[in-house]
Structures are given as C-alpha cells and as structure tokens.
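Q: Knowing the structure of chain A, use the given hints to seat chain B on it.
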Amino acid sequence: MSSMRPERMVKLAVKNLGQYKLRAGLTMLGIIFGVSSVVAMLSVGEGANQEIQEKIQRMGSQNILIKSVKVMNDEDSGANRNFIASYGLTYDDAADMARFVPNLESSTPIKRLSYNVQFKARRLQTDVVATVPWFLRVQNYRMVRGRFLTSADMDFGTPVCVIGTRLARTLFAGFDPIGQTLTIDRDAYTVVGIIGDIAQSELPPQNELWLEGENQTVYIPLRTYIQKRGDFFTQWSEGGGTFEKIELYELILSIDEQENVVRAVDAVRRVLQKNHKKEDYSIVVPLELIRQARETRRLFNIVLGAIAAISLIVGGIGIMNIMLATVSERTREIGIRRALGARRTDIVLQFLMETLILSISGGVIGLGVGALIPWVITKATDVQTVRTFSAFAVAFTVSVTVSVVFGIYPARRAAMMDPIDALRHE
Amino acid sequence: MSEAIVELKGAVKEYVNGSLRVTAMRGIDLRIDRGEYAVIMGSSGSGKSTCLNILGCLDRLSTGTYLLGGDDVSNLTDDQLSEIRSKRLGFIFQSYNLIPQLNVLENIEVPLFYQGVPESEARKTAQQLAKRMGLSARLKHKPMELSGGQQQRVAIARSLVCDPILMLADEPTGNLDSKTGYEILELIDELHAEGKTIVMVTHDDDIAHRAQRVVTFRDGDIISNDWKGAPKV
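Protein chains in written order, with our numbering: chain A, 212 to 637; chain B, 40 to 272.
Calculated from the structure, these hints are not laboratory results.
Don't take each hint at face value.
Said to hold, decoys possible - Covered stretches of chain A (in silico footprint by chain B; criterion: 3 or more residues with CB under 8 Å from a CB of chain B, positions within the stretch not fixed):
(1) 541-548
(2) 553-561
(3) 626-636
Claimed, not checked - Below, a list of computed lysine-lysine pairs in the DSSO-like style, where the Cα atoms sit at most 27 Å apart:
(4) Lys222/A with Lys179/B
(5) Lys267/B with Lys222/A
(6) Lys126/B with Lys226/A
All C-beta atoms, glycine included, are put in the ideal place defined by N, C-alpha and C.
For reference, chain A alone in the conformation it holds in the complex:
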C-alpha cells in the first residue's frame, strides 16, 4: 500500500484536477452521458417489461383461444355460392374438449356476430357476443354498472343484454342505459349492465398484443340467441347472399395452471385434427404471444444495453485520452515527485485517484440526469418507464469500473517514466 494517507491523496487529486477545470468538466460530460443513457435505457426497458406483465394478467395466460375460420374451398366457390357453408367449431368439439383436454378448468363458448343494433331512432352496426355467465371472469372484465349475464338467464333464455362502455356512451347518450330496450335485428333485449375494458377476445387478427380501444360490444345469453336464431346466419349482399352455419365462433379454454397450457394445447390440436377435415379453425395461445413478446423485448434490451455500453466505453476512452494528455503535460511534476521519494505505486495511485474522482463525480451527476430522462420521456410520450435501483447501481458501477480500467494505462505510463528523463522534460 501507499505510504500516503488516503484523505491527502483525495485532496491532492482534487487540487490537481482544479488546474484543468474545463478539461475535467468535459471529461465528466462523457461519463455523465454514458451513465444517464444507461439509466434511461434500462428504465425504458423495465417500463416495457412491466407493460408486458400487465398484458399477461389481462389476457389470461392460462387461456387458449380457438376461433372458427372460414376456408374457401374450390367446390364451394362459383356455382355453389348460394349453398349453405358450414364450417368452424361445433358443439361436439366443445364436448370433446371437455373430455380430452387435461387440466381444463372452464370452457367458454362464444358466438360473435355483427348486427345492426338500435335504441329509439339511433342505430349502428356492432359486434354481438352470445356467451355464458363465466365469460366475465375468464376475460378479466369488470362490471361498470349493473350485472352480467347469470345462469338464470341461460336457463330461461331471458332477453337481456350487457353493453360495453363505449356503446353506453354513444348509443345511449343522454339516457341511463340500464333498463332501456335495445333492439338487435328486430329482437328486443333489456340492458342490465355495463361492462368495462376490452380484453383478449378482441385481439386484432394479426395476433398482436393490443389493449387500446374501448368496448362497443353487446353481450347476450348464448341460450337466448340460439332459441331466437339457431345456428344459421344469413347475410344478404349485392348479387347474392351467404348462408352460413356456424355452431361456435370462438371457444375459450381456461387451464388451471400456466405450466399445463402447453400440454393442453397439444390435446386441443389432436381433438380438432380428428374432428375437422379442413383446418377451419385457428388456435391462439396468449402465453405463446407473451413468450414471443418477451423474446422481442429481450432482443431490444440487448440492443439498448449495447448502445449504452458503447457510450460508456466512449466515456472511458475520453478519460484515457485526457489522462494521457495530463500525464504527458505533467511529466516534469512526475519527475520531481519521483526525485522527492514518490514510489511508482504512489504515482499510479495519484493519477488513478484523479480518474476515480472524475468518474465518481461524473457518475453521480449522470445518475441525477439519468433519473430525469425517464421522467421526461414519460411526460413527453406515452412510453412507460420504470426506474429501478438496479439500473442506477449497474450504470454507476460500470462507469466507475470502465474509467478505472481506462485510467490504469495512463497512470502506469506516468509511473514507468524514468525520473531523470522526466526531470529533464520541458
């Protein structure tokens, strides 16, 4: 160890740095940028991570979604156009799922159709979802007002409906929707409740994670719908019409534990492959989407981390550059100190201490700036950021380490100088 006392070394280093205020400031700027960018990037990354965690919760990572898909067959097209097209999931599928899918907790059948809905003179086209009471729980919806569909509604086929918040605001503007009568293609339903956020069944078709938007759907009891309309769906368009028979538009299977989802998906595939000649269905597994999103996130983090690391290394090179210049400017001082009894170690420590003070003070300021940047980002954009202690710790530690590593070479160079040459140096 040095014979010098640490507190005097610190004093000396501060004094020496004071000679080059501008230079020391510019060097610190490099560190400040490095540290603050690391903190900012880690905060943005952590923010995105938490967003995904929220999505997992809202999408229901234990769920498996099966949807009916219309497949165009060569034989069906052209002349056969007006015949009934029968495709998609059937009640038999649902029954088989209940028998063959392991760890199945609940199975939620859904019919989803587009209808004109009318309240008094107002009319608009929207999704009508015919489903079962536990749909609410499976989808993680929340009731805003009133009640959801009940098992009594199912048993009796009651003509009631629950509407989304957006529909409540638009179609029922100026009225209290609860108790009003809503007409769905000439059938009258009484509004009994208003339901909150959009959830997983409203996933856009490209399997993207998607949460924005508001609920404009009408929910009715499945039983009621089947009693009134059956399984046929007729839609007239110019030059002809389509008659479709679809028993179930969607089926949501809830599995008891997340880790059993993969096995359950396999079982679902087997059942559907056995029951369907054509692939007139699609399986969406939110868990897989989440995994994909996580993978993307990880890649993103690596890129961000690399950029931040580069900025820290640039800061380190800045330090090295400055210290090399300082060392060569102070060659004579080094010679004097050596002549007066400084050992090589003393010289190394002297310059390392200067580097350390530069990097620590730059690092502290960088942490301050780094704490501000995520805040500004969140204010200015919608990007969610989360500041974690580890982000600050990592940024600070890495910056100090980088600086010391880059400071060692100049310091050693100073120490290895021949004192006689150094004394002669002008």
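A: What follows is chain B alone, placed relative to chain A:
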C-alpha cells in the same frame, strides 16, 4: 577518522543510446565525508551529471558499489531507492523544480507526504523551514508568483524537510542573476557551516572556490580531486 557519507568504488555507468553504447562513468572511486562541501566540475558529457544522478539514487550503477551513509544502495529495488530519496537525500535543481499547482508550504511538504508524516506535523516542519528561508510572507503563494531567488529558497527548504544526510545541488544558481545567486550560495554556505554534507555540480569557477574540494570530471573519469581545506567536523 571521519565518517564517509558517499563511497563509490569502481563505479561504472554504461547505457545504450540507440545502437550506441555510451560509457558515462569509467570505474570511478570517490569518497565524500560527513560535513564536506564538494563541487563537481566538468564540461558537458564529462559524466558529472551521471555521477550526480547516481549519488541521488535516481539511477543505478552498471557495475561497482555505492555506499550511502555506510549502506550499500547499489542493488536496491526501485521502491527502496524511492524511500532513500525521500528520507536521506535533498535535491536542489537549477530550474527549482517546484510543483506549479502547489503553494509554498505544500511544495515544501512533498517529501514528507511520501513518508506518511501526519499533515499537521508536516505543516509545522514546513512552516519552520519557510520562516528560516525568509518566506513567511509567501506561504500561500504559488511558485509562479515568486521570484527566481524565492523559488530556489522554497526548493532548499524542501530539500531540508527530511533532514537529509546528503544534499545534492545541480547548478543551483544557473538560472539566477549574480546577486540572487550570491544569496543562494551564502545560504548553502550556511547549511555547510551547520554540518550538512553538500555535493554541488557547477560550471562556475568562482562558485567552486567556495567549496573545500573540487572534483573534476572528463570523459567519464575523475581527472582531479583537489582538497582546499579539511572538513569541519
């Protein structure tokens, strides 16, 4: 018999300059006793500077031995030589060699700094020496704010701070006008009178007359070693 402070025996210093092998000292024997005031003279390239570097433990002999205060320092490590420089030697340079960012007191304290002497103690010693050198009014001044003579006084104070057994001066008046130079020489005479052992390198015959002894170098050898008086101690 008086005590030898410096004893060089068969001292050879060779170094390689590019492809050239230069012999700066060709087997020199030199003894300087406690309390002596010796002047080393010689033209440039004669080996006198090399000899001073060796005596100052800034450089090591190629062959031969160097006893400083009776201890063989020829084969010490770099760290050990550093310790000897800080504890047993005092340097006075032609260009003062003060550290520009430090004030007078701090400059005087530097050798103590490397010995780990507590700050308050070092400060006290430095203040005493500064006072003795007539620098009391300038303690907080930086070297740039001082005259050449004052700077050299600071350097002398610094060389005395560790109470060295040998003081080495390399043309201490070379950068000073004759009046100031005279004052510095008086100061050195004073130190000698106090019993300090002093070795000074100079070109100046007049200065050489002040010493008891003049050692003249030429081409790496001592060609004359004149005594002018007995050592005082």
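Q: Take the hints in turn and mark each one as holding or not.
A: Status of each hint after checking the structure:
no. : hint                   : result
1   : 541-548                : holds (count 5)
2   : 553-561                : holds (count 5)
3   : 626-636                : holds (count 3)
4   : Lys222/A with Lys179/B : holds, 16 Å
5   : Lys267/B with Lys222/A : violated, 49 Å
6   : Lys126/B with Lys226/A : holds, 25 Å
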